[in-house]
Amino acid sequence: MCMRVAFRVARTAALSAPFGARVFPVRSADDAEAFSEWLSTRTLVAVDTEATGLDVFCAGWRLRLTQIGDAGSAWVFEAGGEFESVRRAALYSGVGLIFHNAPFDLHALGMLDLFPFAFDTAMMSHLVDPSRRHGLKGLTTDLLGSDAGEGEKLLKAHFSANGWTGGTGWAEVDLRNEDYVRYAGLDAVLTFRLFEKLKATIEARGMGHLLAFERRLAHLMAKLTDRGMLVDKAYAAQLGVQLTADAQVAEDKAAMMGVSNPRSGKQIREALLLAGVKLTKRTPTGEFSTAEAVLETVDHPLAEAVLDLRSAQKSNKAYVAGTLELLGVDGRSHPWIRPLGARTGRMSVSKPPLQQLPSGDPTIRRMFVADPGNLMGASDYQGVELRVLAALAQEKVMLQAFKDGADLHQMTADAARVSRKVGKMANFLTVYGGGPTALASQAKISHAEAKKALRGFNRAYPGVKRWSDTVQSKAARDGYMVTTVTGRVLPLDRDRIYAAVNYLVQSTARDILAQAILRIEEAGMFDNVLMLVHDEVLWQAPKAEAEEFAVEMGRIMSVDDFYGVAITTDSEVYGPNWGSGYE
DNA sequence: TCCGAGAGCGCC
DNA sequence: AAACGGCGCTCACGGA
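My numbering puts the first residue of the first sequence at 74, with every later residue one more than the last.
Treat the hints with care, since some could be wrong.
[As the list claims (entries may be wrong)] Using 25 angstroms as the maximum straight-line C-alpha spacing, the simulated SDA-like pairs for lysine to any residue come out as follows:
| # | residue 1 | residue 2 |
| --- | --- | --- |
| 1 | K616 | R419 |
| 2 | K390 | S432 |
| 3 | K210 | E245 |
| 4 | K296 | R532 |
| 5 | K469 | I518 |
| 6 | K306 | F286 |
| 7 | K296 | R419 |
| 8 | K296 | W540 |
| 9 | K424 | S384 |
| 10 | K210 | A310 |
| 11 | K469 | V371 |
| 12 | K497 | N531 |
| 13 | K270 | T214 |
| 14 | K326 | A307 |
| 15 | K306 | K326 |
| 16 | K424 | G211 |
| 17 | K616 | D633 |
| 18 | K296 | D403 |
| 19 | K424 | R567 |
| 20 | K272 | D551 |
| 21 | K296 | N531 |
| 22 | K387 | G433 |
| 23 | K354 | I518 |
| 24 | K387 | T274 |
| 25 | K424 | D551 |
| 26 | K270 | K326 |
| 27 | K326 | E245 |
| 28 | K525 | D551 |
| 29 | K424 | G414 |
| 30 | K424 | D403 |
| 31 | K424 | A310 |
| 32 | K525 | W540 |
| 33 | K525 | G507 |
| 34 | K517 | E245 |
| 35 | K538 | E594 |
By construction, these hints were calculated from the structure, which means they are not laboratory data. Owing to the predicted nature of the structure, the values given are computational and were not obtained by experimental measurement.
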């Protein structure tokens with residue numbers, strides 16, 4: 074009997090959280106035993122983690138809490154605590170695991186091998202409504218009607234009361250602070266509730282196959298993040314010094330012209346107007362624009378200095394410093410990949426933004442090098458979006474042209490009686506939903522000429538406009554949404570129905586690459602993949618096999634017959650670094 | 001001091 | 001008839 078009493082007393086007091094959630098810290102053997110009892114009756118649990126910050130791969134980053142819960146309660150484990158083995162065994166017990174942003178938590182836990190057991194409510198939210206914001210707080214408010222922001226507000230107040238910011242508080246707050254533990258536990262509970270809601274919608278809509286597909290893809294993308302890319306640190310540091318100097322030169326020039334901060338649009342506008350420069354183009358808020366397209370037409374040394382500064386600054390801060398500051402303790406860059414980053418389903422890459430490195434010169438890309446003994450290379454689709462457009466529209470002339478291996482840009486140019494360059498722009502703009510105004514400004518031709526060119530396009534490929542009109546009117550009838558051939562539902566902004574064509578093309582092209590990635594894995598070639606850039610796979614292979622690998626990669630990615638169009642690839646061995654492909 | 005919208009710009 | 005799509009990052013600026 075005495076033992077029983079001691080048993081009870083050793084339980085840590087539960088915390089009450091908003092929305093009827095109960096939070097149980099696991100700090101004693103009895104807590105752990107109660108947890109295990111609870112777990113033994115579950116087949117599915119929600120899991121969340123708290124850490125010192127978001128940069129999992131950087132020195133000093135630490136996991137702090139792991140929360141495991143269901144619709145009513147959450148159990149909170151302290152990192153480095155006595156019961157880590159209990160937590161670990163629980164996660165590996167075979168139960169289904171629900172995360173909100175699984176890639177972050179599974180990286181934080183160092184348990185990527187649990188991906189096959191993982192569901193992700195952020196991923197599910199994207200499948201249900203890609204245009205929604207997928208943050209836990211916003212989703213909870215939208216779907217569950219409970220404003221989950223309250224707990225975070227309390228915590229942020231606690232942070233600032235202690236002199237911490239939103240950035241530092243997560244590392245500083247006491248592991249046993251009640252608001253912290255309550256907030257942490259609540260997130261797991263809300264994630265569980267979200268899952269139930271989203272799962273029902275996905276099942277009702279018959280989107281289970283897409284969910285299964287995305288779960289496989291997400292696992293592979295997490296492996297890419299984990300693999301990362303080797304960085305030539307010495308080269309990068311030296312490049313940073315050079316770019317800093319370049320920026321300083323431009324800044325000094327601007328200063329001599331009386332502009333103390335050439336990063337300020339306000340100062341640039343005022344100085345140029347004062348110098349008698351006529352500015353006409355305006356931004357949406359009505360101010361004179363100082364964008365590159367404007368400044369390159371301005372005959373004034375200040376314009377040149379500003380553009381030089383912007384260019385050096387961008388490369389230096391966003392790419393070089395951005396890469397070095399986020400470098401992992403292993404000397405590698407570990408970019409975050411969001412497999413469903415865009416509302417069209419396109420992937421996005423951040424920290425660092427490897428899909429946006431300058432392609433006009435190799436200096437930035439040269440920071441990223443192949444592993445010893447390997448060469449880098451890339452395989453990309455040849456004009457995939459135009460091919461997808463032809464396929465979806467079943468445009469006869471385009472279909473035949475692709476079969477014949479004709480030059481589509483030249484064909485458009487011939488039909489519209491413009492240069493190949495303008496013909497190419499017209500092709501792209503059609504994919505983007507652009508009109509004559511856009512073509513005129515981009516091609517630097519008159520509005521009348523642009524109209525004529527687009528009329529030429531429509532004459533040459535009548536099926537495109539026919540399909541576009543059909544898609545748009547159907548989209549309006551269907552409640553402003555379109556469905557891709559892969560079953561993705563894409564909502565449209567009602568004042569931009571014309572974007573339907575682009576959404577369908579972009580989303581379909583994304584799925585063509587995504588499906589290729591799964592084929593690459595099945596072929597046993599995924600371990601060589603380093604990065605994806607929308608229509609391109611960047612890879613590395615041992616020197617002696619690189620050429621052969623390039624051919625095989627191109628073959629696996631190719632699609633022989635996509636609704637009547639071949640989706641062809643171009644494969645190239647770059648060299649020892651990413652930049653060697655851009656020299 | 002912090003936060004967020006806006007402008008600008010890099011990519012496909 | 002006309003309608004340029006999708007991201008991530010940095011900085012300046014203004015309001016809380």
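Violations among the numbered hints: 1, 4, 5, 6, 8, 10, 11, 14, 15, 17, 19, 21, 24, 25, 26, 27, 28, 34, 35
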